[in-house]
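J.: Top to bottom, those sequences are chains L and S. For the first sequence, the residue numbers in our numbering are 1 to 215. For the second sequence, the residue numbers in our numbering are 1 to 215.
Worth flagging that the hints you see were computed from the coordinates, not collected in a lab. Fair warning: there could be bad hints in the mix.
Put simply, identical chains are the same to the list, so a pair is met inside one copy or across any two.
Below are the DSSO-like pairs computed for lysine-lysine, each with C-alpha atoms no more than 30 Å apart in a straight line [said to hold, decoys possible]:
| # | residue 1 | residue 2 |
| --- | --- | --- |
| 1 | 114 | 147 |
| 2 | 114 | 35 |
| 3 | 147 | 59 |
| 4 | 40 | 3 |
| 5 | 114 | 59 |
| 6 | 40 | 135 |
Keep in mind that this is a model prediction, so the values were computed, not measured.
Number of protein chains: 2
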Amino acid sequence: MRKGELTRTAILAVALDLASREGIEGLTIGLLAEKMGMSKSGVFSHFGSREDLQIAVVKQYHDRFEQAVFYPSLQKARGLPRLRAMFEGWIKRVSVELASGCIYISGAVEYDDKPGPVRDALIAIVKEWREALLKCVRLSIEVGDLKENTDPLQVVYELNALVLGLHHDTRFLQIPGSIERAQLSFERLIQNYQTTESLATKKLPPATKKAAQPL
Amino acid sequence: MRKGELTRTAILAVALDLASREGIEGLTIGLLAEKMGMSKSGVFSHFGSREDLQIAVVKQYHDRFEQAVFYPSLQKARGLPRLRAMFEGWIKRVSVELASGCIYISGAVEYDDKPGPVRDALIAIVKEWREALLKCVRLSIEVGDLKENTDPLQVVYELNALVLGLHHDTRFLQIPGSIERAQLSFERLIQNYQTTESLATKKLPPATKKAAQPL
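Chain L extracted, bound-state conformation (with noise of 0.2 Å):
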């Protein structure tokens, strides 16, 4: 990386910290180069506006969403497993940032009712989040995982309103065992729709399925 790119990288990394604890819209180029020792004029040089600068942070925590949570999902096995692996992974990085708060969540309280750029980036993030459930969810009627009959828009409204529930109840209610309660939820709602073929795979004793798994 040249000089130039890794300072931006830099500042984006801080802003990103910024933004998730005093939200996107607490975010200025005057706190921002405060926090990085260096002068407003030099945060303007990598980021033209306020505005740009938060539609990067935006994209940056999508980069990092998709790195940590979507990425690895397709690892596994098309259907239920990826399924899983997508909702676990989501859950897992929920719990990850309850010290700071999911860029996703605060910013849909924070921009539900002011239109613009930085609303319509978080917007065509979170979209493209659940674009990816839905296909996921798609793909598992496909191989015969969900039954024929589910409405997949029905299953991405109930898993993403499982993790919203999450996040109040740690974040702001301070409940523990919630990451536990959104398991269990998880797989009773993921029961719902399940093939009778599907119920009696995952009935397997836990000693087949390690054996089944990679060394």
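Starting from the known structure of chain L, arrange chain S on it as the hints suggest.
T.: This is chain S only, laid out in the frame that chain L set:
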């Protein structure tokens, strides 16, 4: 009402509207005085501080929520009919508020990492509502509508999650038909916990149900 009380009530109504739009943190004595055509000291004479005002708004919101959702649900029979009424009233409230926003939900994000009296007041009212839901779920088990092995806290987590999902999908993503999705998910969720007897009762034809209602 005395004149002082009337003024206080009027200020509170405007403050609640402002807080729904701009967030509780967006509420200032200055902005409120401007909207009311009053002096700042005039507003201060009714609320000792900005924090007192914010707490009064939170309590006012809670009173209205109770009037609109909780008290009407008590007219329904203990158990599932009451639980259904509570959920129906809740999602209607969230959809009425779509133009402005639910203070319980936006407040949870605004104050999740801001300790202090406003956060405490918000947590207190949210917990009060959850206690009411919890009690209703427990009664539903007692009267035999829900299975004995139902975990009431799990049901409350799931109900809250469905409402957060609805708020997110309607207000941020503006997806049409989200209320119907929430209703469908509620029915599916409840079916997981319903006793066979209670499921059988639910299958009465609509005509019978209508006839049993007062004219």
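J.: For every hint, state whether the structure bears it out.
T.: Here's how the hints hold up against the structure:
1. Proximity of residue 114 to residue 147 under the C-alpha cut-off of 30 Å is found in neither arrangement, the shortest distances being 39 Å within a copy and 45 Å between copies.
2. Proximity of residue 114 and residue 35 under a CA criterion of 30 Å is satisfied in both settings, with 27 Å inside one chain copy and 21 Å between copies.
3. Taking the closest pair of Cα atoms, residue 147 and residue 59 never come within 30 Å of each other, the shortest separation being 35 Å inside a single copy and 46 Å across copies.
4. In the homo-oligomer, the alpha carbons of residue 40 and residue 3 lie at most 30 Å apart inside one protomer (18 Å), although the nearest pairing across protomers, at 52 Å, exceeds that limit.
5. In the homo-oligomer, the alpha carbons of residue 114 and residue 59 lie at most 30 Å apart both inside one protomer (18 Å) and across protomers (26 Å), since each shortest distance falls under that limit.
6. Proximity of residue 40 and residue 135 under a CA criterion of 30 Å is satisfied in neither setting, with 43 Å inside one chain copy and 55 Å between copies.
Checked against the numbered hints given earlier, the structure breaks hints 1, 3 and 6 and satisfies all the rest.
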